[in-house]
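> Guided by the hints, dock chains P and X onto chain E, whose structure is given.
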Amino acid sequence: MSKKVLSVLKYVFLAVISFVSVFPLIWMVIAATNRSVDITKGTMIPGSYLMENLNTLLSSDLHYMMAFKNSLIIAVITTALAMLVSSAAGYAFVVYKSKNRERVFNLILLSMMVPFAALMVPLFRLFTKFNNMGPLKLIALNTPMAVIIIAVATAFLIFFFRQNAQTFPKELLEAARIDGLGEFQIFVRIFMPTMKSCYAAAIVVTFMSSWNNYLWPLIALQSPEKRTLPLVISAMGTSYTPDYGMMMIAVFIATIPTAIIFFIMQKQFVAGMTGSVKG
Amino acid sequence: MKNKKSNSGMSPRLNRRAWMFVIPSLILIIAFVFYPMIQAFITSFQSGAGNRLEWAGIANYKRLLTDSTFKKAMGNTILYLIVQVPVMILLALVISSLLNDKKLRCKGFFRTAIFLPCVTSLVAYSIIFKSLFATDGFINTILMKVNLISEPIAWITDPVWAKILIIIAITWRWTGYNMVFYLSGLQGIDDSIYEAAEIDGAGAIQKFFGITIPMLKPIILFTTISSTIGTLQLFDEPMNITQGGPANATITISQYIYNILFKYSPDFGYAASVSYVIVVLIVLLSIIQLKVGDKNE
Amino acid sequence: MKLKKATAVLLTVAVTVGLAACGSSSDGNKDSAKKDDNKLTIWAWDEAFNILAANEAKKIYAEKNPDVDVEVVTMAQDDIVAKLNTSLSSGAYDGLPDIVLIEDYRIQGYLNAYQEDFADLSEIASPEDFAEYKTGVNQIDGKMYGIPFDSGVAAMFYRTDMIEEAGYTQDDMENLTWDKYIEIGKAVKEKTGKDMLTLDPSELGQIRMMLQSAGAWYTDEDGKVNLADNQALKDAVTTYKKLVDAGITKTVSDWDQFVGAFNNGDVASVPAGSWLSPSIMKAEDQSGKWAVTAFPRMAENADSVNASSIGGAGWYVLKKVGHEDEAKEFLKETFASNTDLMNTLAEEINLISTLKSAAECDYYSKGMDFYGGQEVFKDFAEWTAEVPAVNYGENTYIIEDLMTEVMQQITSGADIDKVLSDYQKQAEAAISK
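Chains as they are written, first to last, in the working numbering: chain E, 1 to 279; chain P, 1 to 297; chain X, 1 to 433.
Chain E extracted, bound-state conformation (with noise of 0.2 angstroms):
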């Protein structure tokens, strides 16, 4: 087989995939265009309903915006401080290996594996406590960073870390004790842009898990100016009548913020980047 032959084939499979990929959101943005009597019958036509659903949307008693807003501050800030504090322990388990740490992440990678609706019950308990108990007032119910809080640190995102801290070279390290940077700077002046590219993953999909969060802010977040988008749509969704129009609309709104996320993030992975910081 030639070489076109074979690059020809390659554009055709990944425009294959990319074109199934889009394709309920192609669906989704037709939708948000039609009235919910048509989008039952499944037209595939783009309609003229999109302002009358974007009103509809705006002017419902949901509070949308509030949401978006509500949305956008815990998942901004829950990915930022997530950044700090998974990575930073994902880093020192590989570049500080001791019997000790080992252990303690084994620990952690525990923690993964308790399906969060066991958990539900018992972390809202506690949570209950915290309102009387001065300084944790802080991240006490029905205030974001109730929320925020129990995103920080995750074992996924350590183990993340962890996993891509591996292939962070070491003499990177001897060379800055000895320029005597310390520990810390080591981190933030080096790590960091070193792995630009295993950060950009993680803005991602932490964004991304925030964003889309659900059982925790719906137990968590109790006055209704408080809820977030996931929430705002599930109530939505349980009409006799529900308006598929609107909710097209509202979940299509919905997912722009990660798309641009990942959009800005994805020129991060440009091949073979961090081959210059190596060399």
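Calculated from the structure, these hints are not laboratory results.
Some hints could be false.
Claimed, not checked - Calculated pairs, DSBU-like style, for lysine-lysine (alpha carbon to alpha carbon, straight line, at most 35 angstroms): (1) K137/E / K39/X; (2) K191/X / K282/X; (3) K263/P / K35/X; (4) K234/X / K378/X; (5) K3/E / K103/P; (6) K224/X / K41/E; (7) K378/X / K64/X; (8) K194/X / K143/X; (9) K10/E / K145/P; (10) K241/X / K224/X.
To be verified - Where chain E lies over chain X, by a calculated footprint (3+ residues, C-beta under 8 angstroms): (11) 75 to 84; (12) 268 to 281.
For clarity, every value in this text was computed on a predicted model and none was experimentally measured.
Glycine residues also receive a C-beta, built at the ideal position from the N, C-alpha and C atoms.
Leaving out everything else, chains P and X in the frame of chain E:
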């Protein structure tokens, strides 16, 4: 002093610094995961509706043995795991190594497109999956047009096809997600390695198995374990696409836990004991994967 | 040594958190913390239906009580269930509503698990004021805990044009039995090529409606599983199988396909609750082509009548949230008595009230063009009065999940008696505590 050996080569000062990196995470995980985990474990020995819990010894665990729905959920979950995770991992690896090609055009478009399924709202994608795979839906129409099948497939209402549909749906949603980790991992591989291999006359397939896979091993291990856990805790797809049906043919353990907690009259004790069965299962599988994965280190 | 220090810090933190968690647990249980902020919160789940109703009630109540601030919150029904369970089981009442709408199938589970959290409403309403079947589920020990809201009275919506094309008249649809229905269905299929109805193998509302038409359920009066020796269930299952075997059903797998099927004109009839009416009326192009008749009865079962129910809910007061008296007062002046409110709601959201006095509402005698001028409200109200009362108990959903397996085996040819007695054992095992 017993720690001396394990900290060899590290000054006490450095060792203390090292703990500073770990402690914030550790405190948070102890408070917000381990503490509830222990509570849940205690609850698993209690029984009763709502908050009328009473000590029940190992009654909940005994009940599991005779619970036919639990057995179904367990079987389904393990089936998803065995079939779906390897397929997805391999597909994600192939896609990401194709996308890592410097000369490839429209990279940004392809990457974003393939990533999009995991940000597509569950609400939207479950509606469209159901309509695409309906008996008179688009997929059946196409398959019949090209004469692959002579009768429409009952994707959602046949017990076997419904399982296949769930596997298709999870693969669709999470392949792009895993691709992200590989793409970022691939940046750590120096181009010169590939160039050297090319000079030696290695083809695409040799490069893939000879360089990409070995170099990505830590990340592959990570995605395998996290996908395993994700699949064992699978909830969204069966809940939204098939509602666990037809006749519990696609129900998973997580969905069953949710049902015990919220759909039926709440039984926190039983739900906790079901969860601990998954915990034991995941721990065993992860130990196996870590042992296999770290063998050559 | 340093390690030990770190470990010590860690342990201290863990212990503090743990102790603090145990130490203050008594604070969570403040009994009936009465609050005087004059604020009432109501939770319900349907923007186009019960939320709208709550908002109308709020308007009416505000005229006489301008100082009470009522907040109506929309939440998914599953979310309400999850939040109530988590909070009530933890004894935490912050953030819970004063008044909450709960589905009839679920309420017994709540009342049994958290009876002391619900307010006794006997003083503001009495069971005689409501359709008899609605008050079977909201009482415990003779006390009434809920104000019934919507009637889930079952009805057979059908396309007059298709029935006529098949050679039948609207008279044939009166006093309907399932056998007659199947006969008509076959004719419809033959003449128009359309199916008679949709069935969703994961959603057994059809079976539930048939059961209630005979005054029966999956459980007996004492709440014990009753699958093996349940004649009504056997008849319902047999009827279901006949429908499938007749080849007049279209399989759907969820709500939007169900709605899509009749909006698209793919089926000639829809057996469903009266609350489906707004969804049917969404297809404006089908106006005048629909009619409604009473739910079919099972001819072979002497108890079965031409009336049943599906879904439906009631309002409940959570007394420890802090506004018990205000909440009772609110319900008393609105959903428990106010016929004007019911009239408005009939007009706005097609609510079929279960308040007996609502049958005299003006709007109920209004002919509706969509249904060819039929006075559907009057009919709904009439059937509502005839629905046999059934206590759903607290295990409806757990048994029903097993029943989906039963139905699958039976429709593929298994012996009915054998399957039912097998599953009798499984269901008993599944709910033994």
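> For each hint, tell me whether it holds in the structure or not.
Verification of the hints:
1. Restraint check for K137/E and K39/X: the C-alpha separation of about 24 angstroms stays at or below 35 angstroms, so the hint holds.
2. For the hint linking K191/X to K282/X, the alpha-carbon distance of about 26 angstroms falls within 35 angstroms, and the restraint holds.
3. Restraint check for K263/P and K35/X: satisfied, since their Cα atoms lie roughly 32 angstroms apart, inside the 35 angstroms limit.
4. A threshold of 35 angstroms between alpha carbons decides the hint, and for K234/X with K378/X the separation of about 32 angstroms falls inside it, so the pair holds.
5. Under the criterion of a C-alpha separation no larger than 35 angstroms, the hint pairing K3/E with K103/P is consistent with the structure, at around 13 angstroms.
6. Annotation: proposed proximity of K224/X to K41/E is violated, straight-line Cα distance about 43 angstroms (limit 35 angstroms).
7. Proximity of K378/X to K64/X is assessed by CA-CA distance (about 31 angstroms); at most 35 angstroms being required, the pair is judged to hold.
8. About 49 angstroms separates the Cα atoms of K194/X and K143/X, which puts this hinted pair outside 35 angstroms; it is violated.
9. Of the pairs offered as hints, the one joining K10/E and K145/P holds, with about 26 angstroms between alpha carbons and a cut-off of 35 angstroms not exceeded.
10. Between K241/X and K224/X the CA atoms are separated by roughly 25 angstroms; this keeps the pair inside 35 angstroms, and the hint holds.
11. A count of 7 residues in the segment 75 to 84 of chain X with a Cβ less than 8 angstroms from any Cβ of chain E is obtained; the coverage claim is therefore met, three being the minimum.
12. Note: the segment 268 to 281 of chain X has 4 residues with beta-carbon separation from chain E under 8 angstroms; the three-residue rule is met and the coverage holds.
Checked against the numbered hints given earlier, the structure breaks hints 6, 8 and satisfies all the rest.
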